[in-house]
Each structure stands twice: as C-alpha cells, then as structure tokens.
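**Q** Produce the complete structure using the sequences and hints provided.
For the sequence shown, position 20 (counting from the first letter as 1) is numbered 20 according to full-length UniProt numbering, and the numbering increases by one without interruption.
Check each hint, because a few of them may be wrong.
Lysine-lysine pairs mimicking DSSO-like chemistry, simulated, CA-CA at most 30 angstroms apart [to be verified]: (1) Lys230 with Lys103; (2) Lys103 with Lys185; (3) Lys178 with Lys56; (4) Lys56 with Lys103; (5) Lys56 with Lys230; (6) Lys191 with Lys103; (7) Lys191 with Lys178; (8) Lys178 with Lys304; (9) Lys185 with Lys230.
The set of hints was computed from the structure by calculation and includes no laboratory data. Model, not experiment: these values are computed from the prediction.
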Amino acid sequence: MTRTAEKINALVREDGSMVDALEAIRQTADENGGEVQWGDVSDELTSGQWGRLIEKGVLIDGDEGFEIADRDAYDEALDDDPDSIAADVDIDEEQTQWSQWDKLAAVGSVLLMIGYWLESVRETVGGTIDMVMAPLDAALPFYAVILAVALLTGLYSTLLQANLMNPEVIGKYQQRMKSMQDKQKDVRERKQEAEERGASDAEIERLENEMEEVREEQMEAMAENIGMFKEQFRPMVWIMLFTIPLFLWMYWKILGGHVSQTEMTMIMPIIGEVALNEGLLGPMWAWIVWYFLCSMGFTQLLRKALNIDMTPTGT
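**A** And the structure:
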C-alpha cells in the first residue's frame, strides 16, 4: 500500500464522512482537468476536512488550485478495497456469546472452588481423583507427580486456549479502541492548532462538539468491550473446571497427611531443600510454587512445539 493510500485510510478511520468528501474532490478534479479549488467543493465537505487533506499531503499545490498527490493510489484506496477504509471495525457480537456448555463449566468451576474452604468437598474430590492418580503417585515421588500434573495442565490449557479463544475477535476490539484513541488525539491536536492560530469561535465550538462526540463514541465502545473480556475468559472456565480438582487432590494429599514423610521434601532449584508444605513465597506453599514454575515452563515449550500463537490478530 502506498503512502497516499495509507493517509486516506487513516483519515477515513478518523472521520467516516471523509469518504463522501474524497469522492466529491475526485469528481470535481475530473471535471476541471485534474485540479480542484475550495470554492468548487465547499458544499460537499467542511473546511476542517479540506484542511486535513492538505495537511496530510493528499492534496498538493497545482497551477491554479490543488491537485491529488497520487491519483492512482487515491483511486485504489476509494475503489479497490472499500472495506479496508471502513470507519468502524466490524465485530460480530454473536462470536463472543457463551454457549450453554460454557456457562455450565463456569458454574462447575465456582462450585469446585468451594472445596478450598470446605473439608467435606475437598475429601470427596480428593478421594475421587486419587483413584485415577494412584498409579502415577505410586510410581513417582510426589514432587515428580506435581511436575507431571503441571505438564498435563499446561497441555490442555494450551489446547483449550487455542480452540476456544479467537485472537481475531480480540484484535478487532483492540483495533476499535485504538481507532477511537487516534481519532480523539487528532481532534485534540486540531483544536489546539485552531486555538494557537486564533480561529473563530464557531470553529472552536465545532471542534469541541466533535471532541465530545468522540468521547461518547469511546464510552459506548468501552461498554461494548465486555465481549472482549468474555472471549478471553471463556477458555479460563474450562481450564479451571479441569485444574481445580487436580489442585484439590494435591491439597488433600499434602495437607491431609497422605504423602509419606520422605516424599514431603525435595531439592528445589536455587532454593535448595524445602518441605512441600513449607511457606516459600509469603503464604504460598512450596508445592504451589513448584507447580507454577513447572506449569509456566511447560506451557511456553508446548506453545512453541505446537506452533500456537495467541497474539491478537491485527495488533
């Protein structure tokens, strides 16, 4: 994309009515041999739009008036890909809607979290999971069992995020907010410039009204951005649904005295010998720190190995 086309796209994102202004200038230039003067188009666009086109270099000095700096790029930006210069980012709100299963997973996660405070729930969940994890627990020391659990949770967390979170939708939300911020910045700069050159009260008032409209649009967009948080949190409820029972099982094993005394100690890198139920980072026990270190490391390795990129599209 040429520099002129990029400037036109940016202007249209800032002001959706600029498309009509650009079309009026093109038609007038065709009728006048390639040049256009303010008097020819004053009924079709505002003085602010005219000034922005000159300021951005879309219009340059001609023999008697102004001419389009790069006519080919100008035509390409207006004709070839109209969607690329849309003022608003098109977001399908239905894409961020949670299914009935997502909502059930969220409820299940909340109910399982009660196990951290109620011993009866912890005993039930821990005993149930122990029937599945018992062979692994019998074959490995418990710090290695925690490492294996971290590998398992890292694997399904990565896969769930890759399949349930749409980076394109999140990128669109972020793009819309950036467009709003750029538009607000542009209006603020134009208002400051108008004040410095001693513009008329009418122009200052028009710019103030335009800035207020941008603020209102930004507030509406922020309210709609709840969809972005729903999209980001959707895989989390499933991750929590599968991870909380494993955490409760480890909690039940260590604090309930179901781990032998010899397996309660381990050599942790840098720190040295620690007990799994020993406070390591403030209120965090050593086994939790060990789990998170392993989980974060495995998650990064798995994302690289599976070539999974969760960066929002378009950022």
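**Q** Each hint needs a verdict: does it hold in this structure or not?
**A** Hints versus structure:
1. Lys230 with Lys103: Roughly 11 angstroms between the alpha carbons, so the hint for Lys230 and Lys103 holds.
2. Lys103 with Lys185: violated (39 angstroms)
3. Lys178 with Lys56: Answer holds: Lys178 to Lys56 is near 20 angstroms, not above 30 angstroms.
4. Lys56 with Lys103: violated (49 angstroms)
5. Lys56 with Lys230: violated (39 angstroms)
6. Lys191 with Lys103: violated (47 angstroms)
7. Lys191 with Lys178: Holds. Lys191 to Lys178 sits at ~20 angstroms (cutoff 30 angstroms).
8. Lys178 with Lys304: The given pair, whose Cα atoms are some 29 angstroms apart, holds under the 30 angstroms limit.
9. Lys185 with Lys230: OK: Lys185 and Lys230 at ~28 angstroms, within 30 angstroms.
Hint compliance for this structure: hints 2, 4, 5, 6 are not met, and every other hint is.
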